[in-house]
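Every letter in the first sequence is one number past the one before it in full-length UniProt numbering, and letter 116, counting from 1, is 116.
Errors might be hidden in some of the hints.
Listed next, the in silico EDC-like pairs over lysine to aspartate or glutamate satisfying Cα-Cα at most 16 Å (straight line) [stated by the list, open to error]:
(1) K139 / D183
(2) K339 / E273
(3) K335 / E282
(4) K139 / E116
(5) K289 / D249
(6) K335 / E306
(7) K35 / D53
(8) K300 / D328
(9) K164 / E182
(10) K181 / D36
(11) K335 / E283
(12) K324 / E273
(13) K339 / D250
(14) K335 / E273
(15) K338 / E273
(16) K139 / E85
(17) K229 / E182
(18) K139 / E172
(19) K238 / D177
(20) K139 / E102
(21) K232 / D161
(22) K338 / E255
(23) K300 / E320
(24) K256 / D113
(25) K139 / D36
(26) K35 / D113
(27) K353 / E172
(28) K169 / E343
(29) K82 / E343
(30) K238 / E182
Everything labelled a hint here was simulated from the structure, so no lab data went into it.
As the structure is a computational prediction, the values presented were derived from the model and not from experiment.
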Amino acid sequence: MSTEQLRDFDMNGFQRDLIDWFRENQRVLPWRQSKDAYRVWVSEIMLQQTRVDTVIPYYLAFMREFPTPEALATATEDQILKAWEGLGYYSRVRNLQTAVREVVEEYGGKVPDTREEISTLKGVGPYTAGAILSIAYGKPEPAVDGNVMRVLSRILLIEEDIAKPATRKIFERILYDLISKEDPSSFNQGLMELGALICTPTSPGCLLCPVREQCRANHAGIQNTLPIKSKKKKPVLKQMAAVIIRNEDDDVLIEKRPETGLLARLWQFPNIETVSLANQVEELEGVLKEDFHIEGKVGKPVQTVEHVFSHLIWRISVYEVIVKGRPDVESETRKWVKKSDVEQFAFPVSHQKIIQQSL
DNA sequence: TATTCGTGGGT
DNA sequence: TACCCAAGAAT
1 MSTEQLRDFD
11 MNGFQRDLID
21 WFRENQRVLP
31 WRQSKDAYRV
41 WVSEIMLQQT
51 RVDTVIPYYL
61 AFMREFPTPE
71 ALATATEDQI
81 LKAWEGLGYY
91 SRVRNLQTAV
101 REVVEEYGGK
111 VPDTREEIST
121 LKGVGPYTAG
131 AILSIAYGKP
141 EPAVDGNVMR
151 VLSRILLIEE
161 DIAKPATRKI
171 FERILYDLIS
181 KEDPSSFNQG
191 LMELGALICT
201 PTSPGCLLCP
211 VREQCRANHA
221 GIQNTLPIKS
231 KKKKPVLKQM
241 AAVIIRNEDD
251 DVLIEKRPET
261 GLLARLWQFP
271 NIETVSLANQ
281 VEELEGVLKE
291 DFHIEGKVGK
301 PVQTVEHVFS
311 HLIWRISVYE
321 VIVKGRPDVE
331 SETRKWVKKS
341 DVEQFAFPVS
351 HQKIIQQSL
């Protein structure tokens, strides 16, 4: 044991109390019914920056539709995006399929069990690698997520800024010493479970904590001031105009978003970012004329949808244009679909709202 | 390293 | 309301 932060720390007592607590108090969750590496993998990808309660129904449906690496490897992109619709961070599922295909082709369908190999897979970063290795394969590898940094900041009284990328490595180094070598799975999951149920961001339940005796922050009475975390900047507001182009036969025009970037390859209603709210109608009509060769007045917005992302806000004024027949605007990324068929396509939540209210 | 990538729930 | 937050990774 050479880690400075672990001097005079009761490692054995901490491991024992944490693991005993986890074995007794862990939640019953779908991905805990087996330690199959593929199932663990899917759950860990879904759980990135996403709450357990949100993930559960998606996980159950996803495993029913893609029960094996082979099933996911052979699915279409439209299928996997539809399965992910509403979960957010859609590159997760595209990366997951890319990685699963590599596992099928290069590893005979068996998820690799070394950090070196598993870390080469798309979408598998330091946390996910450690989670799969410890939970599925019982290896003593750290899995440092937000819970772990918060919990250990308090337990060991560490005042590094956990918002900084470099801080994660500090915890990883500590954990290579601190992690239980007998049950790395319960130890890692126990840290996260403790963070989720007891050692919460605000008002931690120290009176119920199984490791309060080992907690330096609790002894010092400063558990509410940890962890140290610098603040993020506010999201930028973007004024948008979207248009529902439809005809008298319930045909609707939709388009596919660009290959990369925000909401990549999801479907949407044609829309633009407008320079000014005052001239929004003119801007939209100009684009309809030049880009779609559709003449006509868009009138007043039929609804306004606001959607908040991590780093920006869309305030969307939704217009409607009725056309005759099906103007020939189709291409690789634009198509006419029956209103009743729209549900087959994967849309971002902001456009799901448009569908619900106006379609 | 800082930013880009969603969404919904909690306070 | 206006934040903050959640089992992060890619760029």
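Are the Cα positions of K139 and E116 separated by 16 Å at most?
-> OK: K139 and E116 at ~13 Å, within 16 Å.
Within a Cα-Cα threshold of 16 Å, do K338 and E255 meet the stated pairing?
-> This hinted pair holds, its Cα atoms lying about 13 Å apart.
Restraint check for K164 with E182, where alpha carbons must lie at most 16 Å apart = It is violated: about 31 Å lies between the C-alpha atoms, which goes past 16 Å.
Is it true that the CA of K338 sits at most 16 Å from the CA of E273?
-> Given pair K338, E273 is violated - Cα atoms ~26 Å apart, limit 16 Å.
Are the Cα positions of K353 and E172 separated by 16 Å at most?
-> Violated - the C-alpha atoms of E172 and K353 are around 42 Å apart, more than 16 Å.
Below or equal to 16 Å on CA atoms is what counts here, so check K339 against E273.
-> 25 Å, violated
Pairwise hint evaluation, D53 against K35, where the allowed Cα distance is 16 Å at most | 20 Å, violated
Given pair status - D250, K339, alpha carbons within 16 Å | It holds: about 5 Å lies between the C-alpha atoms, which stays within 16 Å.
Given hint D328 paired with K300 - CA-CA distance at most 16 Å | 25 Å, violated
Does K289 pair with D249 here, judged by a C-alpha cut-off of 16 Å?
-> Violated, because 22 Å separates the two Cα atoms, which is more than 16 Å.
For the pair supplied as a hint, K232 and D161, is the alpha-carbon distance within the 16 Å limit?
-> Roughly 12 Å between the alpha carbons, so the hint for K232 and D161 holds.
Pairwise hint evaluation, E343 against K82, where the allowed Cα distance is 16 Å at most | 9 Å, holds
Consistency note: the structure conflicts with the earlier hints numbered 2, 3, 5, 6, 7, 8, 9, 10, 11, 12, 14, 15, 16, 17, 19, 20, 24, 27, 28 and 30.
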